[in-house]
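S.K.: Each chain, letter by letter, is given below.
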Amino acid sequence: EPEVTQTPSHQVTQMGQEVILRCVPISNHLYFYWYRQILGQKVEFLVSFYNNEISEKSEIFDDQFSVERPDGSNFTLKIRSTKLEDSAMYFCASSGIYEFYNEQFFGPGTRLTVL
Amino acid sequence: AQSVTQLGSHVSVSEGALVLLRCNYSSSVPPYLFWYVQYPNQGLQLLLKYTTGATLVKGINGFEAEFKKSETSFHLTKPSAHMSDAAEYFCAVSETGANNLFFGTGTRLTVIP
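The listed protein sequences derive, respectively, from chains A and B.
If you want my numbering, it's the 1-based position in the first sequence plus 9.
With my numbering, the residue at position 53 of the second sequence is 38, and numbering never jumps.
Derived from the structure by calculation, the hints contain no laboratory data.
Any given hint could turn out to be false.
[Unchecked claim] Here are the simulated distance ranges between beta carbons:
| # | chain 1 | residue 1 | chain 2 | residue 2 | range |
| --- | --- | --- | --- | --- | --- |
| 1 | A | Glu68 | B | Ser(-1) | 37 to 47 angstroms |
| 2 | A | Met24 | B | Thr95 | 34 to 44 angstroms |
| 3 | B | Pro15 | A | Glu65 | 41 to 51 angstroms |
| 4 | A | Leu48 | B | Leu5 | 24 to 34 angstroms |
| 5 | B | Met68 | A | Arg89 | 36 to 46 angstroms |
| 6 | A | Thr122 | B | Ser65 | 13 to 23 angstroms |
[To be verified] Chain A side only, calculated, beta carbon under 7 angstroms to chain B, not exhaustive:
| # | residue |
| --- | --- |
| 7 | Ser57 |
| 8 | Ile88 |
| 9 | Pro117 |
Being a predicted model, the structure only gives us computed values, none of them experimental.
For glycine and all other residues, C-beta sits at the position ideal for the given N, C-alpha and C.
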């Protein structure tokens, strides 16, 4: 069964460093998303991406964040200068266009720890 | 704007007992409603969804949920809990036509043998 994969499963970084979180969405999907979950809090929407551009973003997704689909399979989230409060679990999701498009399939997450 | 409230961050039930996980939402437009389950070290898996039509929806693993517009609720139930149901459950809402999900804070279900 197709699934969304994410690497790494756990990333530890120093404050101020850049990190890139990687996701491989399901191959025939066209919508891609990033969410995050700070420990003990709710899962929050960050950004959605379609047709090689951002279609929607939340207030959390400020200039420190960027997304890219560098090739036909990967979808990345970059945080330019990490802050302590960026420590969270980051989930990638994808959805198709020929199905009910709100059905999003999630990856297992990347736990980001900023020291 | 949408929001989701899940009452009870932790719920414990005995094996074979009824599972009831509560979810209330607010939405300015007719909502799409979802329940996701997360097993340890795994991603979020869709249990069931409500879009339009029948208000009682059935999902995987014997779970079902009923959309009650008058109560703005979408509670998740299962008649008989199984040990394998132990997980974190998230309720989510989406605006019709939009594609980002608003999640609740989650409910951790523990099943006692």
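S.K.: With reference to the structure, classify each hint as holding or not holding.
M.R.: To see whether the hints hold, each was checked on the structure:
1. A:Glu68 x B:Ser(-1): 37 to 47 angstroms: The hinted range 37 to 47 angstroms holds for A:Glu68 and B:Ser(-1), with Cβ atoms some 42 angstroms apart.
2. A:Met24 x B:Thr95: 34 to 44 angstroms: Given a distance of about 36 angstroms, which is inside 34 to 44 angstroms, the answer is holds.
3. B:Pro15 x A:Glu65: 41 to 51 angstroms: About 19 angstroms separates the Cβ atoms of B:Pro15 and A:Glu65, which means 41 to 51 angstroms is violated.
4. A:Leu48 x B:Leu5: 24 to 34 angstroms: holds, 26 angstroms
5. B:Met68 x A:Arg89: 36 to 46 angstroms: For A:Arg89 against B:Met68, whose Cβ atoms are near 45 angstroms apart, the range 36 to 46 angstroms holds.
6. A:Thr122 x B:Ser65: 13 to 23 angstroms: violated, 39 angstroms
7. Ser57: With Cβ-Cβ at 6 angstroms, under 7 angstroms, it holds.
8. Ile88: Where the cut-off is 7 angstroms and the nearest Cβ of chain B is about 19 angstroms from A:Ile88, the hint is violated.
9. Pro117: Holds. Min distance 4 angstroms.
When the structure is compared with the earlier hints, violations turn up for hints 3, 6 and 8 and for no others.
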